[in-house]
Each structure stands twice: as C-alpha cells, then as structure tokens.
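> Listed below are the residues making up each chain.
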Amino acid sequence: MDIFLFLLFAIIAVVAAINVVVQTHPISSAVSLIGVMGSLAVLYLLLGAEFLAAAQVIVYAGAIMVLFVFVIMLLNAGAEAKRGRSLMVQLLGVPLLVALLGLLAYFVQRLFPQGVTVHFGGFTGGTAEAVGRALFTSYVLPFEVTSLLILIAIIGAIVLARKELD
Amino acid sequence: MDAFIVITLIKLALIAFVLLTAVAYLQWVERKVIAHIQVRPGPYRVGPHGLLQPLADVIKLITKEDMMPSYVNKPLYLFAPFIAVAMALLSIAVIPFGPTIEVAGYQTWMQLTDLNIGVLFILAASSMGVYGIALAGWASNNKYALLGGLRSSAQMISYELPLALAVASPLLVSNTLSLRKLVGSQEGGILHWNVIGGGQIVAFLVFVIAAFAETNRVPFDLPEAENELVAGFHTEYSSMKFAAFFMAEYLNMVTVSCMAALLFLGGWDAPWAPEHGSRFVPSIIFVIAGLTALYHGANPPHKLDRYTFTAFGLIFLVLAAIFVAPIVQSWLLPLFWFVAKAGIILFAFIWIRGTLPRFRYDQLMGFAWKFLFPVAMLNLLVTSFLIAWFA
Amino acid sequence: MTEVPISWYLTLSAILFALGVAGFLFRRSIITVFMSIELMLNAVNLSFITFSYQFKQVNGHLFAFFVMVVAAAEAAVGLAIILNIFKNRATLNIDEIDSMKN
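First to last, the sequence lines map onto chains A, B and C.
Every letter in the first sequence is one number past the one before it in my numbering, and letter 116, counting from 1, is 116.
Every letter in the second sequence is one number past the one before it in my numbering, and letter 275, counting from 1, is 275.
Every letter in the third sequence is one number past the one before it in my numbering, and letter 74, counting from 1, is 74.
Just so you know, these hints were derived from the structure itself, not from any lab.
A hint or two may mislead.
Keeping only pairs whose Cα atoms sit at most 30 Å apart, straight-line, the calculated DSSO-like set for lysine-lysine is [said to hold, decoys possible]:
| hint | chain 1 | residue 1 | chain 2 | residue 2 |
| --- | --- | --- | --- | --- |
| 1 | B | K60 | B | K32 |
| 2 | B | K64 | B | K74 |
| 3 | B | K181 | C | K87 |
| 4 | C | K87 | B | K370 |
| 5 | B | K181 | B | K11 |
| 6 | B | K64 | B | K32 |
| 7 | B | K60 | B | K143 |
| 8 | B | K143 | C | K87 |
| 9 | B | K60 | B | K74 |
Chain A on its own, in the form it takes in the complex (with noise of 0.2 Å):
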C-alpha cells in the first residue's frame, strides 16, 4: 500500500511538472503546478507530515496559486511567443540535464542505504501541536523575524501596485 501510494502520487506529480515546463500557455502551468503541489501534499502524509500537508495545500496551492492564477488572468496573458532558441541550446540542453538528474540520483542512491525505509506511520512528531511548540520554543527568533519579512512584503506590494497620485 505504501510503495503503491507513494509511485502513484510521485508520477502525477512527476508528470505534471513535466507539464508545468513544456506547456505553452501560463494557465496550464499553472494549473499543473497546482497537480504538482496536491501530490506532494499526499507525500507529506505519507511521511508523517500532517500539519504541512494541510498548510501547504492552504498557503501553496490555496493562495500563492490562486494570485498567479488571477494575475494570469488579469493580464490575460497568452501562450507564448514560439522563438528560436539556438539549436546548440536545444541539443545539449535536455541531455544535461538528463546527465544531472542521473548524477543527483545516483549519489542520492549511494549516500542514503537503502536500509532507510518509509511507512506510514513510523514518525508521528509532524502534528500541528508538535509543530507549534517547536516554532514557538527553539525557533521563536526566525519566527518573528519572518513576521518582519512578511510586513516588507505587504509594503512593497501595495508600494508596486499602488495607482500613481500625481
């Protein structure tokens, strides 16, 4: 059940950010990258995330999607533009990053034995309370500190989108 969950709910997410890179138009990107992030939020159940899984289908595929899919909307952005990369680009381009990923996999598979596994159910410590008293004990100073980044965030927000008042 475990490795039946975990192929199904990796190849949708793998083959959806296949299609979040080779789709033309933003919206079946985007659409895509919502495919991507449920998927990985499935995962994160998997492995014992509960809390995550729930905040990132809310704040990921919730809220951060929801505004690209209202600015792509907005602007009514089309499909886009067919131009001439260079063919050299093209040509070594996808064999490279082939070549990458296989490296990455490879020492992803020699560092990490294979004695390491997941089952539902082995770490129980990602409840919404565990995570809680962490963020508010030993990581109280990068909380409030991302608070901060928040408030620049706002500000600079409204200050790019605010309509000129002269």
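Got chain A; can you put chains B and C on it based on the hints?
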C-alpha cells in the same frame, strides 16, 4: 478490519444519499421561503406544494442539450465544474453529525473519518474550491465570465482571511483541531458552547459573514451579479455542468453551516440537559407541526390540500412518537440538535437572500479589509491574551 | 506492507528540482519562470520533510514551513513587479525586458 470497511461503505452511501437529497430540497426550501417573503406561492405545480420540483429540475437538467461553445479552452472548461463539485463534496468527509452509535454490535461514529487536522482539511478544501470558479471564468473565453471569475477569486482570497481568523479563536478556546474533540470540549449545555461560554460571539458573526462571501451568496454574490455580468462565471455552462456549479454552491452552504454549528454552537450538544426536558423538544415541535397541518387539512384552501395536509400532519405525529421512544433517543436526539443548528444557519442564508440588496464591488473589498479583517484580528488577539492570562 | 526506500523520496525531489531548473532556463514567459522557482522550492521542501522523517525530528518541518512563508511573501512582491512590468512595457517575455542592458 472487514467490518470496518463494510461499515464505512454503508456510511458513505448513506451520507452521500442524504446529502444530495438535502441539497436538492434545500433549493426547493429556498425557492419556497423567498416566494413567501415576496408574497407569492413559489413552486406549486409539480407534486403537492411543488414538493417534487427538485426531481423535475434534475430530470430537466440531465436531459437538456449539453452545449459547448466552440471558442472555449476545452480541457479547463470541462475540468472546472468537476473540481468545484469535488472540493465541495470533499469537506463533508470529516464533518461529524453525532456521537458514537452501536449498530448490530459494532460501535461507530456518525462521521466518515476524524482527522487530527479536520478544521484545516475543510479550510484547505474550501480554498481549493476557488479554482472551480476562477478557471470556469477563464476557460469560457467570455468577457462576462472572465470578470465574474476575477471578482470571485479576489473576493474569496479576501474573505478567506477573516474566515480563517474567526475559526482560529474557538480553536484556541477548545485547544484542538479535530472536529470531534471540538464538540467534546463544548459539552454541557448552552453555557459551555463557544459562542457563549467561550465568549466567541464576535468570531461567530465574523465567521457567518465571511461564510456568506465564501459561498458567493447574497449580499456578496458579485461573481454572478446578473444585472451587470449576465450570469458571471457560469454564463457559458449549460445542462449538468451548470448543475454542478449549482450543487457546489449548495454543498458549500451546507458545509459552512455545519462548521458554524460545530465550531460555535456545540455541535450535537443539547442546549440544556436531556433530564431537564430538552429531550421532549423535538417531539413538541413535531406535535405542533402535525396539529397545524391537520388543522389546515380540515379547512383546506385548495381541494387537493385535504389529503396532502392530513398526510403530512400524520407523518409529523409519527415522527413525534418516534422521538419519544427511549431506544432511538440516544442517537436521534444529537442528530436532531445538529440538524436543527445547521438548519437555522441555512435558513438565515435564505432569509438574508430575500432581504438584503447586493454590495457594490468597492464596498465589498473595503468591508473585508477595513472592517472584517481588523475585527477578526482584534478578537483573536483578545481571545489569546485572555486565555494566556487565565490559563 | 512494502516499504518505500527513503532514497526514492529524495530522488523524486531531485527530479522535481531538475524540472524546475529546466523550466527556469528554457521558458520565456516571466510568469512561467516564476512558477518554475516555486516548483524548485517545493522540491526542496520534500527533501526537508524526508530528512525530518529519517532523523525522526520535527526540525525539517519547520524549515519547510519557513520556506512556504517566504515563498508567499515572494509571490506577493514578485507578482506586483510582474504587474508593473506589464503595465510599463506591455510584454511578459523576459527577453524583451532588457532596458538595463545598454
């Protein structure tokens, strides 16, 4: 293990059936109530007092021609109603309707599943529901639909904030994210409910107002404002695809009403102890309803009503008798209180639709950001401060 | 119950990250480039949570949480910048936004 699967499947079928029937009849109730607010009879032709109208509507919607305009973005156009109704159905899975019951020796909860993060699950499902409307508006490739979709995504992002903040304060009081434990922490009568015992009356009002906006209901139904936008995001939808959006809206109404009942009104907890008479309340209500119907059956305004009113009066009296029976009281009474609480909020939805005019768009946004959001924030701050002070 | 090797999760994370890099490099629409960045951040989050499982500690979850919060702030500012660019130059193609080049 096997018994668990069988019981879950039975519960699944039962909840799906009851929910979909309730949604169909909610629409009938809405049309009737609004009709009576506007002093007209409402649906009257199909069945006695239009009682079979939902069935007729379903047949009409299924058999109608399914038009697809040629200029739409096909995959997203087909995908949007599906996601709207799927996300609306999803959240009902974690909503508990009553306490544990025993059927044929097996103990089970009147709930499909209880999650540690039940409240977050519902918030997540409702925040994904935005895509149904936004993508429908975009994929229709129509100016009105696009404007409706844009408005709805802006509105739903804005009102999600006060909604989430209003949900947070009763969670602080009850100290859990599981809906079942949430009800457990409010047990013991009306004085222990979060809305009174927890002092969350402000959060309750903010929640209800934000819920109206989240479900795109009057006075916040800007995404489908028919006098400016034709029909908003579902302009280009017909037949079952249109029905899917309709269903999603009513399912979302049911979900937020259940949420309000669970978070603030003590779920299935009776307002006062059953020993002191609250167990007779449902029977009394049904007896009054039955006698009223019998009286109208004896003095019928129309010829046919002689039989229909009498029949309904007898049905109500039988229901009243069932509620007195001690065997079923243990699970029927909580169910009654839960349905009554959710039903009152659903009625408020309809009542307000018959009463209030629509907001203007800038008023809508200003209301969310300049009034509702600060109020919810302040309420959360005060609540957490008081909890820290007295804990 | 067959169990999943932990390295599979990390490989999946690597694949998603590489696809994010590919999107970032190959695509010309500024919005898609931005979405590729989000894809990379998601891949990194999966790694954090996998490590959290491996060491049975909650710390990885907190890192992932902070990444999410920063991504939200970044999206708000980034999309405001995109709106401004579109308002001033009426294009979303990153190759045409080169006024600082010369």
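> Now look at each hint and say whether the structure bears it out.
Do the hints match the structure? See the list:
| no. | hint | verdict |
| --- | --- | --- |
| 1 | B:K60 <-> B:K32 | holds, 19 Å |
| 2 | B:K64 <-> B:K74 | holds, 20 Å |
| 3 | B:K181 <-> C:K87 | violated, 51 Å |
| 4 | C:K87 <-> B:K370 | holds, 27 Å |
| 5 | B:K181 <-> B:K11 | holds, 20 Å |
| 6 | B:K64 <-> B:K32 | holds, 24 Å |
| 7 | B:K60 <-> B:K143 | holds, 28 Å |
| 8 | B:K143 <-> C:K87 | holds, 20 Å |
| 9 | B:K60 <-> B:K74 | holds, 24 Å |
Checked against the numbered hints given earlier, the structure breaks only hint 3 and satisfies all the rest.
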